[in-house]
Amino acid sequence: MSETTVTLAHGAGGRQTSELIARVFQAHFSNPEFTADDAAVLPQPGGRLAMSTDGFIVSPWKFNGGNIGKLSICGTVNDLSCMGAKPLYMTCGFVIEEGFPLDDLEEIAAAMEKTAAEVGVKIVAGDTKVAGKGQCDGVFITTTGIGQIMEHAHTSGAYAKPGDAVIVSGDVGRHGCTILIARDDFGIGSDVDSDCAPLWGTVERMFEATDQIHVIRDATRGGVGTVLYEIAEQSNVGITLDAPSIPVDPRVKGVCGMLGLEPLYLACEGRLVIFAPQEEAQKLVDALHECPYSRNAAVIGHVTAEHAGRVVMETEIGTQTMLPQPKGELLPRIC
Amino acid sequence: MNETIRAAREIITGYSGRPLRIMEVCGTHTHEIFRLGIRGLLPESIDLISGPGCPVCVTAVGFIDEACWLALEQGCIVCTFGDLIRVPGTEMSLAGARAKGADVRPVYSPLDAVEIAKENPDRQVAFLAVGFETTTPSACLAAKQAKAAGLKNFSLLTANKTMPNAYQALVGSADAFLYPGHVNAITGNAVCQRLCEEQGVSGVVAGFTAAELLTAMAVTVKLLGEGKPFFRNCYPRVVRDEGNPAAIRLMEEVMEPCDSEWRGLGMIPGSGMKLREAYADYDARIKYHMPVITGRPNPACRCGDVLQGKCRPSDCKVFGKGCTPLHPVGACMVSDEGACAAYYQYATN
Numbered sequence: 001m002s003e004t005t006v007t008l009a010h011g012a013g014g015r016q017t018s019e020l021i022a023r024v025f026q027a028h029f030s031n032p033e034f035t036a037d038d039a040a041v042l043p044q045p046g047g048r049l050a051m052s053t054d055g056f057i058v059s060p061w062k063f064n065g066g067n068i069g070k071l072s073i074c075g076t077v078n079d080l081s082c083m084g085a086k087p088l089y090m091t092c093g094f095v096i097e098e099g100f101p102l103d104d105l106e107e108i109a110a111a112m113e114k115t116a117a118e119v120g121v122k123i124v125a126g127d128t129k130v131a132g133k134g135q136c137d138g139v140f141i142t143t144t145g146i147g148q149i150m151e152h153a154h155t156s157g158a159y160a161k162p163g164d165a166v167i168v169s170g171d172v173g174r175h176g177c178t179i180l181i182a183r184d185d186f187g188i189g190s191d192v193d194s195d196c197a198p199l200w201g202t203v204e205r206m207f208e209a210t211d212q213i214h215v216i217r218d219a220t221r222g223g224v225g226t227v228l229y230e231i232a233e234q235s236n237v238g239i240t241l242d243a244p245s246i247p248v249d250p251r252v253k254g255v256c257g258m259l260g261l262e263p264l265y266l267a268c269e270g271r272l273v274i275f276a277p278q279e280e281a282q283k284l285v286d287a288l289h290e291c292p293y294s295r296n297a298a299v300i301g302h303v304t305a306e307h308a309g310r311v312v313m314e315t316e317i318g319t320q321t322m323l324p325q326p327k328g329e330l331l332p333r334i335c
Numbered sequence: 001m002n003e004t005i006r007a008a009r010e011i012i013t014g015y016s017g018r019p020l021r022i023m024e025v026c027g028t029h030t031h032e033i034f035r036l037g038i039r040g041l042l043p044e045s046i047d048l049i050s051g052p053g054c055p056v057c058v059t060a061v062g063f064i065d066e067a068c069w070l071a072l073e074q075g076c077i078v079c080t081f082g083d084l085i086r087v088p089g090t091e092m093s094l095a096g097a098r099a100k101g102a103d104v105r106p107v108y109s110p111l112d113a114v115e116i117a118k119e120n121p122d123r124q125v126a127f128l129a130v131g132f133e134t135t136t137p138s139a140c141l142a143a144k145q146a147k148a149a150g151l152k153n154f155s156l157l158t159a160n161k162t163m164p165n166a167y168q169a170l171v172g173s174a175d176a177f178l179y180p181g182h183v184n185a186i187t188g189n190a191v192c193q194r195l196c197e198e199q200g201v202s203g204v205v206a207g208f209t210a211a212e213l214l215t216a217m218a219v220t221v222k223l224l225g226e227g228k229p230f231f232r233n234c235y236p237r238v239v240r241d242e243g244n245p246a247a248i249r250l251m252e253e254v255m256e257p258c259d260s261e262w263r264g265l266g267m268i269p270g271s272g273m274k275l276r277e278a279y280a281d282y283d284a285r286i287k288y289h290m291p292v293i294t295g296r297p298n299p300a301c302r303c304g305d306v307l308q309g310k311c312r313p314s315d316c317k318v319f320g321k322g323c324t325p326l327h328p329v330g331a332c333m334v335s336d337e338g339a340c341a342a343y344y345q346y347a348t349n
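From first to last, the protein sequence lines stand for chains A and B.
For reference, each letter of the first sequence is one residue, going 1 to 335 in our numbering.
For reference, each letter of the second sequence is one residue, going 1 to 349 in our numbering.
Be aware that a few hints might be false.
[To be verified] 25 Å max Cα-Cα, derived SDA-like pairs, lysine to any residue:
#	chain 1	residue 1	chain 2	residue 2
1	A	K327	B	V318
2	B	K147	A	K327
3	A	K327	B	R98
4	B	K317	A	K133
5	A	K62	B	Y108
6	A	K129	A	R333
7	A	K129	A	K86
8	A	K133	A	D185
9	A	K327	B	K144
10	B	K100	B	S314
11	A	K122	A	P244
12	A	K327	B	R39
13	A	K62	A	R183
14	B	K118	A	K122
15	B	K317	B	S109
16	A	K327	B	Q345
17	A	K114	A	G134
18	A	K327	B	R105
19	B	K287	B	R39
20	B	K317	B	K287
21	B	K321	A	R333
22	A	K327	A	E279
23	A	K133	A	V248
24	B	K152	B	E256
25	A	K327	A	K129
26	B	K321	A	A308
27	B	K118	A	D185
28	B	K144	A	D185
29	B	K152	B	K317
30	A	K327	B	R312
31	A	K327	B	E256
[Said to hold, decoys possible] According to the in silico footprint, chain B covers these stretches of chain A (three or more CB under 8 Å from chain B):
#	stretch
32	5-19
33	153-164
By construction, these hints were calculated from the structure, which means they are not laboratory data.
Glycine residues also receive a C-beta, built at the ideal position from the N, C-alpha and C atoms.
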């Protein structure tokens, strides 16, 4: 294959499609289950299954700390992990803009391979479409995953209870801040890198520490703040945060200070928000500190029966104030 | 809690003298006061009033109408700070104009608008220049760069305002002002010092961190208790008495004072800035022979009273009902620095 960019012919289903699949996808996703047929044939795992799907349209496709390929594996792996499910199989659908460099596509596939291998999830089927120039932007990816839920895992956004501790697995807002800097809309330079990471290993370690975990949610687009409001509503409880204990990277703090942004509402791609009984909190935080992506994990608040549906902050000057309600996306196309 | 914060807190919470009205002039202060829950600390005898220091909030309805006219009737690419897009005009906001096909683009700096003009030589580009001494220098720089580059397709629709004359208009509405630190960083302290010496107006320049803001408030409370007019700079890490001479020179070179309409305060003589005659080619009102456009604010909205401290946002009939951050009726509900938006977002009950 001599071309250096993706052409419409690569998506036409003929010889060039096969060549593209062979060069890019088979080369990186190869495993015994990766199918050349119309569907992957898989052994039946036992117990309860979790299944999730997610689309990725981040711009720019490459950023400090990852790219859209890594993100597309992490997103679905983390969704499954939040249900206590070990990710087993994934499929991925690509929509590629005509003219997208093949080397870049390989870089994306390589990141997917590496991230999937880290988790032990197998990519078993895929699809490639090519859109005409201007009909999409670079490359869009959709991934779907199936996971096997651990027997003792029972998590849901509806299970938060008064008295629970609220834990975040690391500093907040890094991914959103990284994308914002990468777009260079503000003329601000910073070496801040995305927190994008696959978190199955982290969740597995958490459940080794205790199975008393009520809620695990990965904070993505709307950031940790949006997750907290979702849980407060779903579980019909109040949440009180201790503002000074919320971990924020100094670089993120600096950028947010300049632009008037709230780090709690900036996107994360490798952060879990965990609700568990107060007496399990320290065990969980200790376990999280052992894992590579959650060295800054911290208890940031607790659940109350009062002020149901609301998130209240205890501030650094010893007052209480409401965390403003989420206002929708601060930035489009961050994941 | 650090020592400074603890000490300032004690002075404020321990106050037991006569009732005090303190006005935070600056929108960023309004936002921080809410974010930090400072109102929750105040004894009943201290009343904090939010002043007219958010540039979006004091922008007159007619200015939005003028911007919509440029976008819809003249086909200009209208570049603006994002907050202004949702501020209601008489008939519509710029978001409404955009829905009718207008090309409205948010920018983060006036210089971005100059770049857009360079990239679109076949289109006319107008930048909506609002703001106080903190943002006016960058608008002046944009006009200067456009002129130096000989651009024929760039202009400014000005509604720039200056703080000193607004202070004058606000005299009597509070016992003391918390002056906006970043405005004084440009203008210096002479005006505030004069107000104190000549008219007995008390005030303190305040910074923006929790410690700075609380310190400024504690100093205000303490000195008000002593009964003599005072001026203090509680933001010395940024504010110098002489201000920022380079920024002042730039503003004086490109712009000159004019009368300006403030939402809620009406026309204040000499409180605005417009382009000097040498820059007339870059003045959108002159360039497009703009007719006189007079805006009509929504009669239900009490932003005007809120901006003068005459009522609280929650006293307005439409607050939180017809008027919310998603569907603002008045400008104070649009910007994060607006008093109504701050009340709405942070109120715990």
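Each hint tested on the structure:
Under the criterion of a C-alpha separation no larger than 25 Å, the hint pairing A:K327 with B:V318 is consistent with the structure, at around 20 Å. Distance restraint check for B:K147 and A:K327: the Cα-Cα separation of roughly 39 Å exceeds the 25 Å cut-off, and the hinted pair is therefore not satisfied. For the suggested pair A:K327 and B:R98, the alpha carbons sit about 21 Å apart, so the restraint of at most 25 Å is met. At roughly 52 Å between alpha-carbon atoms, B:K317 and A:K133 are farther apart than 25 Å, so this suggested pair is violated.
For the hint pairing A:K62 with B:Y108, the CA-to-CA distance comes to about 24 Å; that is within 25 Å, so the pair holds. In summary, the hint linking A:K129 to A:R333 is supported, as the alpha carbons are separated by about 20 Å, within the 25 Å threshold. Straight-line distance between C-alpha atoms of A:K129 and A:K86 comes to about 29 Å, which puts the hinted pair past the 25 Å bound. With a CA separation close to 24 Å, the supplied pair A:K133 and A:D185 stays within the 25 Å bound.
At most 25 Å may separate the alpha-carbon atoms for a hinted pair to count; A:K327 and B:K144 exceed this at roughly 37 Å. Pair hint B:K100 plus B:S314 does not hold up; C-alpha atoms about 33 Å apart against a cutoff of 25 Å. Between A:K122 and A:P244 the CA atoms are separated by roughly 41 Å; this puts the pair beyond 25 Å, and the hint is violated. For the given pair, A:K327 sits about 24 Å from B:R39 by alpha-carbon distance, which is consistent with the 25 Å threshold.
With a C-alpha separation of about 10 Å, the suggested pairing of A:K62 with A:R183 holds against the 25 Å cut-off. Using a Cα cut-off of 25 Å, the hinted pair B:K118 and A:K122 is violated, with the two alpha carbons roughly 50 Å apart. For the proposed pair B:K317 and B:S109, the alpha carbon gap of about 36 Å is over 25 Å, so the pair is violated. For a cut-off of 25 Å, the pair hint linking A:K327 to B:Q345 stands: about 10 Å separates their Cα positions.
With a C-alpha separation of about 30 Å, the suggested pairing of A:K114 with A:G134 is violated against the 25 Å cut-off. About 20 Å separates the Cα atoms of A:K327 and B:R105, which keeps this hinted pair within 25 Å; it holds. Pair hint B:K287 plus B:R39 does not hold up; C-alpha atoms about 47 Å apart against a cutoff of 25 Å. At roughly 41 Å between alpha-carbon atoms, B:K317 and B:K287 are farther apart than 25 Å, so this suggested pair is violated.
Proposed proximity of B:K321 and A:R333 is contradicted: the alpha carbons are some 32 Å apart, above 25 Å. Taking the CA atoms of A:K327 and A:E279, the gap is near 34 Å; set against the 25 Å cutoff, the hint is violated. The hinted pair formed by A:K133 and A:V248 fails the criterion: a straight-line CA distance of about 40 Å is larger than 25 Å. Straight-line distance between C-alpha atoms of B:K152 and B:E256 comes to about 22 Å, which keeps the hinted pair within the 25 Å bound.
This hinted pair does not check out: A:K327 and A:K129 have alpha carbons roughly 34 Å apart, beyond 25 Å. Restraint check: the Cα-Cα separation between B:K321 and A:A308 comes to about 21 Å, which is no more than 25 Å; the hinted pair holds. For a cut-off of 25 Å, the pair hint linking B:K118 to A:D185 stands: about 17 Å separates their Cα positions. Between the alpha carbons of B:K144 and A:D185 the distance comes to roughly 22 Å, so the proposed pair stays at or under 25 Å and holds.
Note on B:K152 and B:K317: the hinted pairing is violated, with a Cα-Cα distance of about 47 Å set against a maximum of 25 Å. Proximity of A:K327 to B:R312 is assessed by CA-CA distance (about 23 Å); at most 25 Å being required, the pair is judged to hold. Our distance criterion of 25 Å between C-alpha atoms is broken by A:K327 and B:E256, whose separation comes to about 39 Å. Beta-carbon proximity to chain B at under 8 Å applies to 0 residues in the stretch 5-19 of chain A; the threshold of 3 is not reached and the given coverage is violated.
Check on the stretch 153-164 of chain A: 0 of its residues sit with their Cβ under 8 Å from a Cβ of chain B, so the three-residue criterion for coverage is violated.
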